[in-house]
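Residue numbers (this note's numbering), protein chains in the order written: chain Y, 1 to 338; chain B, 1 to 338; chain W, 1 to 338.
There may be inaccurate statements among the hints.
Identical chains blur together in the list; that is why a pair holds if it fits in one copy or across any two.
[Said to hold, decoys possible] Computed list of lysine to any residue pairs in SDA-like fashion (alpha-carbon distance at most 20 Å, straight line):
id	residue 1	residue 2
1	K223	T305
2	K108	C11
3	K242	S193
4	K208	L189
5	K242	N22
6	K318	H47
7	K108	Q136
8	K296	D19
No lab work stands behind these hints, which were simulated from the structure alone. Fair warning: this is a prediction, and the values are worked out from it, not measured in the lab.
The primary structure of each chain is shown beneath.
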Amino acid sequence: DPPAAERWGRCLRRIMRPDDANIAGNVHGGTVLKMIEEAGAIISTRHCNSGPGEPCVAALARVERTDFLSPMCIGEVANVSAEITYTSKHSVEVQVNVMSENILTGAKKVTNKATLWYVPLSLENVNKVVEVPPIQYVRKEQEDEGRKRYEEQKLDRLETKQRNGDVIIPVINPEPHTVGYSQSSLIHLVGPSDCTLLGFVHGGVTMKLMDEVAGIVAARHCKTNIVTASVDAINFHEKIKKGSVITISGRMTFTSNKSMEIEVFVDADPFVDEPQERYRAVSAFFTYVSLSKEGKPLPVPQLLTETEDEKRRFEEGKGRYLQTKAKRQAQMQQAARH
Amino acid sequence: DPPAAERWGRCLRRIMRPDDANIAGNVHGGTVLKMIEEAGAIISTRHCNSGPGEPCVAALARVERTDFLSPMCIGEVANVSAEITYTSKHSVEVQVNVMSENILTGAKKVTNKATLWYVPLSLENVNKVVEVPPIQYVRKEQEDEGRKRYEEQKLDRLETKQRNGDVIIPVINPEPHTVGYSQSSLIHLVGPSDCTLLGFVHGGVTMKLMDEVAGIVAARHCKTNIVTASVDAINFHEKIKKGSVITISGRMTFTSNKSMEIEVFVDADPFVDEPQERYRAVSAFFTYVSLSKEGKPLPVPQLLTETEDEKRRFEEGKGRYLQTKAKRQAQMQQAARH
Amino acid sequence: DPPAAERWGRCLRRIMRPDDANIAGNVHGGTVLKMIEEAGAIISTRHCNSGPGEPCVAALARVERTDFLSPMCIGEVANVSAEITYTSKHSVEVQVNVMSENILTGAKKVTNKATLWYVPLSLENVNKVVEVPPIQYVRKEQEDEGRKRYEEQKLDRLETKQRNGDVIIPVINPEPHTVGYSQSSLIHLVGPSDCTLLGFVHGGVTMKLMDEVAGIVAARHCKTNIVTASVDAINFHEKIKKGSVITISGRMTFTSNKSMEIEVFVDADPFVDEPQERYRAVSAFFTYVSLSKEGKPLPVPQLLTETEDEKRRFEEGKGRYLQTKAKRQAQMQQAARH
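This is chain Y alone, in the form it adopts within the complex (with noise of 0.2 Å):
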């Protein structure tokens, strides 16, 4: 067990505040997410740092897909664990609680579990990736399950990468309720406090980005107050220098009666002194969710697919829903059943 110090080491805390918000007063998802990454980056650059190897920093290579399983709202302080659950020779596994607490009621509920994992980075060669120094697990099953996930997640990251081809295209007067009239782009101009020791932007600097776009298409699509409700995997494949202009854009793929899926890239231009061309960084799947002025989900207008394109991505989406669902489900008989 480690000494308490250690188990210290693992937290961070903040006091949500109104820029952390909607104008409802949940806390955006992208704000959690940046949380969870900075709590992840520091633990696993401690981490790999801890061996005789070279100076590095643990760079975001992929995050799990991950619900938010309750709201957290403005005053309440957010509390950050993270754990490291597995080592490979060049990787590291961060297991991420977050916990929303009223310190005036003292109520905490659980608001998201995250699973993330980190590269490190030779601080004096960024292309090189440094040994990662093992961790003791207290029994051997815990070294199979993650050698498991960790085989899962490197195949899962090879597929994505063939998608990234993909791009938006700009529909001029489009019908409420299509997917022209809801998608959104917003450009970024990197600066020197969205990065890293190694000039690079911090994957969650990247995520809060993407989800901001998401709830802008999530609002224009239902017109309500909207959440995030889940976050698909999600694959760093590329870094994004300082001084980089990104384009983060988001289109609805999915609809079902009270949820909404959003696909959201990330494209970097890296314009200024290099002969570099745009290029995608990051893909991802937002599911968003309409809440009442109670809290409880509304159902959303149907999303209007015109294109074969768009029919293609809606059965997409519409698989990727069920699946979910049906994972959902074994889970909770799995747990009533015990």
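With chain Y fixed as given, assemble chains B and W onto it according to the hints.
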């Protein structure tokens, strides 16, 4: 004459941080515009509440054309001072000066002189414009000159209202140096810190975002270090409410040998809880120059115009460019004569 | 001993970013003070709501003198832990420790130890101070020592209330190294994210602005890289409401061979919707040192005093300086003896 303590009361001062500047270390024009507007809002709100009338908040109605006389850098202190120079029955003219100070060498440079017009809105009924307490003029001519400026800006505000229907049409696969190649847009969800006590966006926040888009258009066009050289008069026709989504779009309209003119539009979507349609809130022209590492202006690639509209806008931009150049030469000759 | 979950409850952690630091890379004292106050506000608000009384928010009443023991740098992680060390009927004493951690080398250094006093204000009636649930002391002496500290600070708070009438008078064309040459002021419009749930400015936000002004005064005087060395006890006599404009003014009062003492005043203008006059909300003394590139303290130019008041304040500053020096030597001798 106001007491010394009052004169002091008018200044706003802040050290320029990395996030205020581009990667070459030059402070963004938008950062400066935001500070100018904050200083103007404070002094005019204070003045409008100094009489016996009802409580009110001064809202920005217009900023006169302003030049960026010399660049400011990270680590320097920006000194922003404001003075009320004219009051009509329902509006206040504020003169704001910005000086950069290198606190290590003591060197000070004037970087901006701006003139802003504010209108006081009732705190209880935001649609009611309250009366402005009159200021005392030292000399009778000051009042007459002020009245003349007041009439001129009133006329100009009416004129720009006409231009507002124009939109930016997206282009697929544009060629470098065409209008479609560099045009850019960003969306922003209006948060609490963007707003005044009345719940409407600070004019300075809007200008900062406009400058951000204009800067990205300029950088995409010439792919070098670029800085804001001047901003044409900006009229704030419509208020933007907290919780709105604003879309800020920019396109290049004209290039001279060493400058680029970019037109920027701000459209607001008050989509949650309101039936109102998207509307054009603000539009303006920004002029940018490209700088070498030594801070000298570089030649810029000429803008390739393709459509009739683009050619017309290029000619209009040329007209504005030549007019400004003529005015400046006249001022310099006049200054030389005295 | 509290359970592990409780120990967790005391910590706040964040990576230091470029905007947290000056151009030499040293984290601003004000950034540290703001984190200290946030940690203190969380733990004391939580404690004050743990009893059967009405919901309340802890407001900062006082910070004891605190030294900045070693500088923190960009990229390091700040670890802030807080513990309640005494409770009176209506106030809470919190001890906050700050440790900087270089996550690459693993090096940890204590950078601050601060003591803060909070008073719980009713959420429904901000003018009502609610009762504090008592804490359990392990040893009887802890309670007695706490009561002694409580009485001492109460006395000190009464005394500083007298000093409040003083104002800073501007000087035209001051000579270098005079008081008038370096004195500075800045204004800030209080926004929503600056405030607690009660709608009053966080004490930490005020301290951060005070340190910013003090830093500008110090840099103007000695024109080198300067860092906060210590802050004298600060009393928060008056709350500052959202929407107020605050003026923060600083002037140098004393220089020793290698340190500068700066007095800072905070005045609030609740100008909209309130009949209240401008009032003095806070005042404090900051001590700065000038650092060479190697981080060694440099000699500072001596302050030139001109008026009777300046000479008197210089002597008073000298008194504080000698007193602090004597206290520190006594502590070191005591430590050496053990």
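Evaluation of the provided hints:
1. Only within a single protomer do K223 and T305 lie at most 20 Å apart by alpha-carbon distance; the minimum there is 19 Å, versus 38 Å between protomers.
2. In the homo-oligomer, the alpha carbons of K108 and C11 lie at most 20 Å apart both inside one protomer (15 Å) and across protomers (16 Å), since each shortest distance falls under that limit.
3. In this assembly of identical chains, the alpha carbons of K242 and S193 lie at most 20 Å apart whether taken from the same copy (9 Å) or from different copies (11 Å).
4. When the C-alpha separation of K208 and L189 is checked against a cutoff of 20 Å, the pair qualifies both within a copy, at 14 Å, and between copies, at 13 Å.
5. Taking the shortest alpha-carbon separations for K242 and N22, only the inter-copy value of 10 Å comes in at or below 20 Å, while the best intra-copy value is 28 Å.
6. In this assembly of identical chains, the alpha carbons of K318 and H47 never lie at most 20 Å apart, being 40 Å within a copy and 41 Å across copies at closest.
7. In this assembly of identical chains, the alpha carbons of K108 and Q136 never lie at most 20 Å apart, being 31 Å within a copy and 24 Å across copies at closest.
8. Taking CA atoms no more than 20 Å apart as the test, K296 paired with D19 passes in neither setting, with 23 Å inside one copy and 28 Å between copies.
Checked against the numbered hints above, the structure violates hints 6, 7, 8; every other hint is satisfied.
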